[in-house]
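Construct the complete structure from the given sequences, taking the supplied hints into account.
Okay, so the sequence shown: first residue is 0 according to numbering that gives the first Met the number 0, each after it adds one.
If you are wondering where the hints come from, they were derived from the structure by calculation, not from laboratory data. Take these hints with a grain of salt, some might be off.
As the list claims (entries may be wrong) - With a straight-line cut-off of 27 Å between C-alpha atoms, the simulated BS3-like cross-links for lysine-lysine are: (1) Lys106 x Lys44; (2) Lys151 x Lys44; (3) Lys186 x Lys151; (4) Lys44 x Lys5; (5) Lys124 x Lys154; (6) Lys28 x Lys38; (7) Lys12 x Lys154; (8) Lys154 x Lys106; (9) Lys106 x Lys6; (10) Lys32 x Lys6; (11) Lys68 x Lys124; (12) Lys12 x Lys28; (13) Lys32 x Lys113; (14) Lys6 x Lys154; (15) Lys114 x Lys154; (16) Lys60 x Lys6; (17) Lys38 x Lys60; (18) Lys113 x Lys28; (19) Lys68 x Lys106; (20) Lys32 x Lys12; (21) Lys154 x Lys5; (22) Lys44 x Lys114; (23) Lys68 x Lys32; (24) Lys124 x Lys5; (25) Lys12 x Lys44; (26) Lys28 x Lys6; (27) Lys6 x Lys114; (28) Lys38 x Lys154; (29) Lys151 x Lys63; (30) Lys113 x Lys124; (31) Lys124 x Lys114; (32) Lys6 x Lys151; (33) Lys113 x Lys6; (34) Lys63 x Lys32; (35) Lys12 x Lys113; (36) Lys60 x Lys44; (37) Lys44 x Lys68; (38) Lys68 x Lys151; (39) Lys106 x Lys28.
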Amino acid sequence: MNDFIKKINSINKLNTSETSELVAITHVKSFSKGDTILKIDQINKELYFINSGLVKLSFYKEDKEFILKFFSEGNFCAALDSYVTQTPSLYSITAIEETHLLAVDYKQLDVLAKKYHAIERVFRKIVSMATVNMMHRISEMLETNGTERYEKFLKENSPLINRIRLGDLSGYLGISQVSLSRIRAKK
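Okay, structure coming up:
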């Protein structure tokens, strides 16, 4: 819980009352490797903070998995299409390894956000940052080739490289496993 509070306070400092009420609506969830945290067409009713582990946000088209994002320790995670609108998600969230999350219910958080402006500000900033990150991801996919995307991933996510299967990494980079193997062989 300490990492969660530190992360929240790094975004916007909460006072003691705000912190204790937020902690009161937060609960722990654990998932084994391969467990589905959120299914496609399910409503994402919770915002997650990853205490430990690694998850992927993905979707399928013609039996091929496309991975939008990996989330590791110390990060917030949600399928924003569903979480923000409270409608069925186009995406799934899956544990890549044993994962322990803190979960905050959407409705309970909404009540607190109406009560405390500082809490509203924190979660508005989280959603805003996620939106900016997705815009950068779209630009990356449109403007760079597989080699450039791989190099950027290594630079920004080197601690994750040994925790992610080659198939998941190729799904994230938008290239085949064969192409990824060729790129890695050149390094």
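Hint check:
1. Between Lys106 and Lys44, the direct Cα distance comes to roughly 8 Å. Compliance with the 27 Å bound is thereby established for this hinted pair.
2. Restraint check for Lys151 and Lys44: not satisfied, since their Cα atoms lie roughly 32 Å apart, outside the 27 Å limit.
3. This hinted pair checks out: Lys186 and Lys151 have alpha carbons roughly 13 Å apart, not beyond 27 Å.
4. Using a Cα cut-off of 27 Å, the hinted pair Lys44 and Lys5 holds, with the two alpha carbons roughly 23 Å apart.
5. Distance hint between Lys124 and Lys154 is fulfilled; the C-alpha atoms sit about 25 Å from each other, no more than 27 Å.
6. For the hint linking Lys28 to Lys38, the alpha-carbon distance of about 16 Å falls within 27 Å, and the restraint holds.
7. At roughly 30 Å between alpha-carbon atoms, Lys12 and Lys154 are farther apart than 27 Å, so this suggested pair is violated.
8. With a C-alpha separation of about 38 Å, the suggested pair Lys154 and Lys106 falls outside the 27 Å cut-off, and the hint is violated.
9. A C-alpha spacing of about 21 Å is found between Lys106 and Lys6, which places the hinted pair at or below 27 Å, so the restraint holds.
10. Proximity of Lys32 to Lys6 is assessed by CA-CA distance (about 25 Å); at most 27 Å being required, the pair is judged to hold.
11. For the suggested pair Lys68 and Lys124, the alpha carbons sit about 19 Å apart, so the restraint of at most 27 Å is met.
12. For the given pair, Lys12 sits about 25 Å from Lys28 by alpha-carbon distance, which is consistent with the 27 Å threshold.
13. Between Lys32 and Lys113 the CA atoms are separated by roughly 36 Å; this puts the pair beyond 27 Å, and the hint is violated.
14. Restraint check for Lys6 and Lys154: satisfied, since their Cα atoms lie roughly 23 Å apart, inside the 27 Å limit.
15. With a C-alpha separation of about 41 Å, the suggested pairing of Lys114 with Lys154 is violated against the 27 Å cut-off.
16. Among the hinted pairs, Lys60 with Lys6 is inconsistent with the structure: their alpha-carbon atoms are about 35 Å apart, more than 27 Å.
17. The straight-line distance between the Cα atoms of Lys38 and Lys60 is roughly 15 Å, inside the 27 Å bound, and the hint therefore holds.
18. As the CA atoms of Lys113 and Lys28 are separated by approximately 26 Å, the hinted pair is consistent with the 27 Å bound.
19. With a C-alpha separation of about 25 Å, the suggested pairing of Lys68 with Lys106 holds against the 27 Å cut-off.
20. For a cut-off of 27 Å, the pair hint linking Lys32 to Lys12 is broken: about 34 Å separates their Cα positions.
21. Among the hinted pairs, Lys154 with Lys5 is consistent with the structure: their alpha-carbon atoms are about 25 Å apart, no more than 27 Å.
22. For a cut-off of 27 Å, the pair hint linking Lys44 to Lys114 stands: about 20 Å separates their Cα positions.
23. As the CA atoms of Lys68 and Lys32 are separated by approximately 17 Å, the hinted pair is consistent with the 27 Å bound.
24. This hinted pair checks out: Lys124 and Lys5 have alpha carbons roughly 15 Å apart, not beyond 27 Å.
25. Only pairs whose Cα atoms come within 27 Å are accepted, and Lys12 paired with Lys44 is accepted, the gap being roughly 25 Å.
26. Distance hint between Lys28 and Lys6 is fulfilled; the C-alpha atoms sit about 18 Å from each other, no more than 27 Å.
27. Our distance criterion of 27 Å between C-alpha atoms is met by Lys6 and Lys114, whose separation comes to about 21 Å.
28. For the suggested pair Lys38 and Lys154, the alpha carbons sit about 31 Å apart, so the restraint of at most 27 Å is broken.
29. Our distance criterion of 27 Å between C-alpha atoms is met by Lys151 and Lys63, whose separation comes to about 23 Å.
30. In summary, the hint linking Lys113 to Lys124 is supported, as the alpha carbons are separated by about 15 Å, within the 27 Å threshold.
31. Among the hinted pairs, Lys124 with Lys114 is consistent with the structure: their alpha-carbon atoms are about 17 Å apart, no more than 27 Å.
32. At most 27 Å may separate the alpha-carbon atoms for a hinted pair to count; Lys6 and Lys151 meet this at roughly 25 Å.
33. With a C-alpha separation of about 21 Å, the suggested pairing of Lys113 with Lys6 holds against the 27 Å cut-off.
34. A distance of roughly 20 Å separates the Cα atoms of Lys63 and Lys32; the hinted pair therefore holds under the 27 Å criterion.
35. Proximity of Lys12 to Lys113 is assessed by CA-CA distance (about 17 Å); at most 27 Å being required, the pair is judged to hold.
36. A distance of roughly 24 Å separates the Cα atoms of Lys60 and Lys44; the hinted pair therefore holds under the 27 Å criterion.
37. For the hint linking Lys44 to Lys68, the alpha-carbon distance of about 19 Å falls within 27 Å, and the restraint holds.
38. Taken as a hint, the Lys68 and Lys151 pair is honoured in the structure, with Cα atoms around 14 Å apart against an allowance of 27 Å.
39. Taking the CA atoms of Lys106 and Lys28, the gap is near 18 Å; set against the 27 Å cutoff, the hint holds.
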